[in-house]
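A.B. asks: The chain contents come next:
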Amino acid sequence: MSSATTLLTAAAISIFALGYASAQEPALQPGEALAEWAGIYAVLSHPRCANCHVEDDRPRWSGPHYGATRVHGFNVQRGTDGSGLGNPGLRCTTCHFESNSKDLHGPPGAENWHLAPAEMVWWQKSSAQICAQIKDPTRNGGRSLEEIARHVRDDKLVGWGWEPGAGREPAPGSAEETYLALERWADAGAPCPVE
Amino acid sequence: MRLTVNGRPVEIEADPEMPLLWALRDIAGILGPKFGCGIAACGACTVHVDGTPVRSCALPLGQVNGAVTTIEGIASEDRLHPVQQAWLEEQVAQCGYCQAGQIMTAVALLDEIPEPTDQDIDNAMGGNLCRCGTYPKIRAAIHKAAALKLAGL
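Protein sequences appear in the order of chains A and B. Here the first sequence is numbered in the working numbering, starting from 1 and rising by one per residue. Here the second sequence is numbered in the working numbering, starting from 1 and rising by one per residue.
Chain B on its own, in the form it takes in the complex (with noise of 0.2 Å):
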C-alpha cells in the first residue's frame, strides 16, 4: 500500500494488520515515533493523520485513511516548529522518549486552540506519559510554544 508520510509518497509492503507504528520504524526507517507500551496506553508513538494525532503502535495500517505526519515531518525548512523550539528553550526533556508524542500531542492542541489555558493543557496530554515526571516543564513549553506561534515565530 502507498502512504503519504510528511508529504512524501511510501511503498509499504505489508499485513494491513501491522501497526502503523511498525511500518514508520522498521519498513520506512522513520525513527521519531517511538515505542512505549503497544497499547495506546503512553502516548510515544504519537504521530499525526491529516492532522489529529493517533497512536501508531494501535493502528493498523488498512485503517490509515489519510496523510501521516511524524516529528520530521513538523519543522519547515529552516525554522523549527514552535512546539519544538519552545521544547528547547524551557529544556523540557530529560530522557527524552516521549517527547515526540508529547509535542506531537502539542501541535494538535495549538492547531484548535492557539492560546490554551493550563486546563486546556491538561485536557489534551492526558494520554501522553513522562516517566521522568517534566510535566511543569512540559506545560510551560507549550505555553511559550503558543506565545511564538502567535507571534509568527
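Chain A extracted, bound-state conformation (with noise of 0.2 Å):
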C-alpha cells in the first residue's frame, strides 16, 4: 500500500470514526440544544446586534436616554443602492470611524461600519424567525452555521456588540461564549424552537 494511500485510508476512518461519535453521543440533548440557542438569541436580538440588522432602510437608536427605539437621525440610511454603506454625502463611516467617541453621545466606531443585508433581519423577529433565518444560506451571506460562528468570533463590526462604548449596554456575554454556543448548538442538529 502506497504512503498516499495509508494516508487516505487514515482520514477516510477517522472521519467515520468522528461521525459515529457524533451520532452516539449527541453534544447535547434536544432540550439542551434550545436552551443553547435561547442564549444566541439573546445575543442576536439585543439593542447592539438587531439595531444595525433591520428590514427596512433605517437603523435604529435605542438605550436609556431615548425611551422607545427611535430611528437613527440625520435621515441616516442603508444607502440608495442597498449598500448598507450609507447615501452619498452622508455615509456611515462619515461619523463612525475605527473606536467608540468617548463622550457622551458621541458616534460609536467599529471597522467597516455599516448597515446588515436587509435579508438578515432580527429588529423585532422572534426567536424562530431569527433561528430559520440564521440557517437559511439565502438570508445568512451563504454562511454555513461554521462560517457563522466565526464570523461571530472574528468580525471586528460583530465584536463591537460586545464593547460598545460607555453609556450603552453591551449584548449578553462575549464574542467567544457566543461562538462556542453556535458550535454546541449546531453540533447538536441546530434545532429551532416552534411557534
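Everything labelled a hint here was simulated from the structure, so no lab data went into it. Incorrect hints may have been included.
[Said to hold, decoys possible] Examples of chain B residues lying across from chain A (beta carbon under 8 Å, computed):
#	residue
1	40
2	52
3	58
4	59
5	60
6	109
7	112
8	113
9	114
10	122
11	123
12	126
13	149
Keep in mind it's a predicted model, so treat the numbers as computed, not measured. No residue lacks a Cβ here, since even glycine has one placed at the ideal position from N, Cα and C.
If you follow the hints, you should be able to join the two separate chains into one complex; please do so.
C.D. replies: This is the structure we're talking about:
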C-alpha cells in the first residue's frame, strides 16, 4: 500500500469515527440545544446587534436615555444602492470611525461600520424567525453554521456589540462565548423553537 | 505626524486621540471648519478625507488615513468651486456658521451624483444642521451648483 493510500484510508477511518461518535454521543440533548439557542437569540435580538439588522432602510437608536427605540437621526439610511454604507454625502463612515467616541452621545465606532443586508433581519423578529433565517444561506450571507460561528467570533464590527462604549448596554456574554454556543448548537443539529 | 491638508504637508505634534478639528484649527491655523457640537451631530466641522466627508470634531488624528481637504482647499486659483459660487448667487448664508460644513457635504454629493434630485440632496445633507433654517436655499444652491459644474463653470 502506498503512503498516499495509507493516509487516505486513515483519514476515511477518522471521518467515519467522528461521524459515529457524533451519532452515538450527541453533544447536547434536544432540550439543551434549544436552551443553547435561547442564549444565542438573546445576543442576536439585543439592541446592540438588532438595531442594525433591520428590514427597512433605517438603523435604530435605543438606550435608557432614548425612551422608546427610534430611527437613527440625521436622515441616515441604508443607501439607495442597497450597500448598507449610507448615501453619497452621508456615509456611515462620515461619523463612525474605528473606535468609540469617548464623549457622551458621541458616535460609536468599529472597523467597516455599516448596516447588515436587509435579508438578515433580526429587529423585532421572534426567536423562531431568527433561527430559521440564520440557518438559511440565502439570508445569512451564504454561510455555513461553522462560518457564522467564526464570523461572530472574529468580525470586528460584530465584536463591537460586546464593547459598545460608555453609556451603552453591551450584548450578553462575549464573542467567544457566543461562538462556542453556536458550535454546540450546530453540533446538536441546530434545532429551532416552534412558534 | 504628517498630514496632507489641501495638497500641502502639515506637521502635527499632538496626541493621536486629538480630534482632527482641533489640529486643523489650533495647530495648523486652518479655521474654515467650525466647532459646533463636538460629537459629530451637527456637521459644522465637515472636511473630506480622500474625498469622503467626515466630521472632524470626532475623528481622532491617529485614524486619519488619507488626504484632508477643507473648505479652503476646494476653489481653484482663479475660480470658486461651483458649490461656493452657487452659495453666493443664491445668498444661502444667514449667520453662515454651518456653511463650510454644508458646502463640503454638497461638494461630495455632486462628486458622486452630478445631477441630484431633491431626495438625493435630502439624503446627503441630513447630518448638516442649519439653526437659521436656510434649508430651501441650500437645496436651491445645490441644484444651481450642479448646473454650474455640468456647464464647466
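A.B. asks: If a hint holds in the structure, say so; if it doesn't, say that too.
C.D. replies: Against the structure, the hints come out as follows:
no.	hint	in the structure
1	40	holds (4 Å)
2	52	holds (6 Å)
3	58	holds (5 Å)
4	59	holds (6 Å)
5	60	holds (7 Å)
6	109	holds (4 Å)
7	112	holds (4 Å)
8	113	holds (5 Å)
9	114	violated (11 Å)
10	122	holds (6 Å)
11	123	holds (4 Å)
12	126	holds (3 Å)
13	149	violated (14 Å)
Against the hints set out earlier in the document, violations occur for numbers 9, 13.
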